[in-house]
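J.: Sequence:
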Amino acid sequence: HLVNFVNGLLENDKYGRLTGAMAKSWDVSKDGKTYTYHLRKGINWTDSQGNVYGKVTAQDFVTGLKHAVDAKSETLYVVQDSIKGLNDYATGKTNDFSTVGVKALDDKTVQYTLNQPESYWNSKLTYGVMFPVNAKFLKSQGKDFGKASADSILYNGPYTLANFTSKSVIEYKENPNYWDKKDVHIKDVKLTYNDGSNPDGLYKSFIKGDYSSARVYPTSADYKNVLKQSKNDIVWSDPDSTTYNFTFNLNRQSYNATSKKTTKAKEDTKKAVLNRNFRLAIQFGFDKTAYNAQATGRDGAEKSLRNMMTPPNFVQINGQAYGDTVKKDLDKLDSAAFGDVDLTDAQDGTYDPARAKEYFAKAKKELQAQGVAFPIHLDLPTDQKDALTLNQGKSFKGTVEKSLGTDNVVVDLQLLSEDKYLAATYQATTGAASDFDISNASGWGPDYDDPSSYLEIYNPNSGSMLQTLGLNIGKGNASDTAAKKALNMDEYAKLLDKAQAITKDTNARYEAFAEAEAWLLNSGIQIPVKSLGGTPSVTKLVPYTAPYAQSGLYAGGSTSMPFKGAKLQTKPVTTAQRNKARKAWQEKRAEIAKENADK
1 HLVNFVNGLL ENDKYGRLTG AMAKSWDVSK DGKTYTYHLR KGINWTDSQG NVYGKVTAQD
61 FVTGLKHAVD AKSETLYVVQ DSIKGLNDYA TGKTNDFSTV GVKALDDKTV QYTLNQPESY
121 WNSKLTYGVM FPVNAKFLKS QGKDFGKASA DSILYNGPYT LANFTSKSVI EYKENPNYWD
181 KKDVHIKDVK LTYNDGSNPD GLYKSFIKGD YSSARVYPTS ADYKNVLKQS KNDIVWSDPD
241 STTYNFTFNL NRQSYNATSK KTTKAKEDTK KAVLNRNFRL AIQFGFDKTA YNAQATGRDG
301 AEKSLRNMMT PPNFVQINGQ AYGDTVKKDL DKLDSAAFGD VDLTDAQDGT YDPARAKEYF
361 AKAKKELQAQ GVAFPIHLDL PTDQKDALTL NQGKSFKGTV EKSLGTDNVV VDLQLLSEDK
421 YLAATYQATT GAASDFDISN ASGWGPDYDD PSSYLEIYNP NSGSMLQTLG LNIGKGNASD
481 TAAKKALNMD EYAKLLDKAQ AITKDTNARY EAFAEAEAWL LNSGIQIPVK SLGGTPSVTK
541 LVPYTAPYAQ SGLYAGGSTS MPFKGAKLQT KPVTTAQRNK ARKAWQEKRA EIAKENADK
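Just so you know, my numbering puts 108 at position 108 of the sequence shown, and the rest follows in order with no gaps.
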């Protein structure tokens with residue numbers, strides 16, 4: 001919700017462009033390391049009662065960053081290695097904050113000095129870690145600053161918090177002192193908590209006029225009545241920048257959740273998982289459409305499907321989609337496997353049972369030569385009380401076993417309590433704690449507008465999500481190192497380093513990351529499945545009027561949708577209206593991309 005209460009230096013417009021919020025303009029030094037922002041005049045802080053508290057100044061941005069370190073912000077990592085001297089201050093090597101590369105040159109000018117050029121630096125400014133904080137107010141609040149109450153923060157954004165009742169309702173009201181009131185069309189916002197126990201109730205409340213927007217659920221019992229009454233008014237959200245995937249445990253150490261009875265069975269599965277042909281056979285044998293239908297129904301099953309870790313249109317290379325270059329590089333690596341694989345969104349580019357059998361035959365021959373016995377058993381953890389997780393697990397099991405045969409592969413669903421499921425997957429902080437052979441409890445959204453935000457998570461030397469592969473950062477133990485060597489992950493690290501070293505030529509940088517992404521896809525160590533979008537709703541929110549972003553707080557989602565710019569209409573948005581608006585929006589985005597490529 002913070003994005004609706006506090007403005008940083010920049011914000012995203014409805015096409016995703018970064019425009020000035022607190023900053024009216026900015027300059028970048030020739031070496032790309034120094035960014036100087038010039039603040040707007042007359043910008044005020046507002047308290048929870050709507051009163052002017054004081055002016056927003058450049059010093060507030062210095063205070064904000066220092067507070068982020070002192071309060072141990074969970075998003076500090078986004079800028080910790082970017083801003084000169086910040087890592088030394090954050091890690092305690094110095095207690096002198098004046099050595100950090102952020103300075104208030106005067107009341108209206110704030111300057112950041114970076115360690116090296118970052119073409120995507122401005123996209124980091126839409127995170128709360130870079131937002132301003134008034135020092136006087138911060139001191140007055142003490143430990144209560146930022147708590148879940150309206151009077152714990154100051155406001156310089158489009159709204160103030162009017163009411164917050166946990167697991168009930170959150171209400172905003174328009175900030176009377178906001179600098180850009182002309183773009184605040186919805187004066188009051190009320191968000192109602194939904195615990196999921198009555199999915200059809202949301203739609204019924206929308207029809208009664210209680211809500212302006214409501215999610216609908218194609219898998220619910222009453223969906224047929226929703227279609228009967230509102231078939232032409234159901235709109236599906238676009239795929240977003242979050243990618244959910246399956247990951248293989250490449251060095252399994254924990255066996256609390258397993259159906260394997262013998263050490264040999266465990267070792268056989270380990271050998272299989274380390275075999276590329278085996279991993280590709282699983283991927284080609286997996287029907288992602290059927291899997292996704294468990295959440296969206298058949299009507300929306302393909303809408304959120306994804307075939308790359310980084311969305312194919314996340315960035316542009318010389319005016320063309322990033323995914324186009326990844327595809328060319330992937331074909332160079334293995335055209336036999338991926339030559340006719342489509343990497344674009346909203347379709348299953350890899351499901352091919354015949355190809356799955358072909359690659360499994362190769363894997364079986366290689367593994368039998370190592371003394372591996374079949375079938376291979378894969379443990380897949382599921383939350384036994386979560387119907388969706390359970391049904392998705394059953395779908396994965398069903399299609400993989402049908403494609404490859406249960407005499408070759410058996411997927412053993414591990415029905416766990418919620419606590420044990422989370423401990424084995426999402427909450428595992430080390431590779432050794434990851435208790436599975438394959439898992440769907442993994443996903444990632446970008447921290448900034450650069451492919452590195454996705455691809456670095458699997459860097460064998462520093463990746464923040466290596467534990468989802470059963471691995472650890474750095475050398476780890478002997479088996480960890482052996483697994484990385486078997487997978488040739490040093491090659492992946494070299495490709496990432498090569499791309500990271502390119503700091504001034506953006507197209508060349510993206511081309512280098514595309515090569516790394518092709519390596520990741522070719523390895524088969526993870527299987528991209530879906531985005532967070534592709535969900536149906538009925539709404540009176542005029543399509544494509546709210547801010548759009550792929551990273552940062554303006555990327556929206558269930559807890560932070562930005563309402564500045566958003567408009568309401570009196571009647572429900574029709575499918576036709578949204579499709580027309582979407583086409584116009586996409587054309588404008590393409591025009592902007594071309595303009596940027598021509599610069």
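Rather than coming from a laboratory, the hints here were simulated on the basis of the structure.
A virtual CB, placed ideally from N, CA and C, is assigned to each residue, including glycine.
Hints may contain errors.
The following label-pair restraints were derived from C-beta to C-beta distances [said to hold, decoys possible]:
| # | residue 1 | residue 2 | range |
| --- | --- | --- | --- |
| 1 | P375 | N461 | 34 to 44 Å |
| 2 | G54 | K571 | 42 to 52 Å |
| 3 | D342 | K365 | 26 to 36 Å |
J.: Which numbered hints turn out to be false for this structure?
T.: Of the numbered hints given earlier, the structure breaks none, since each of them holds.
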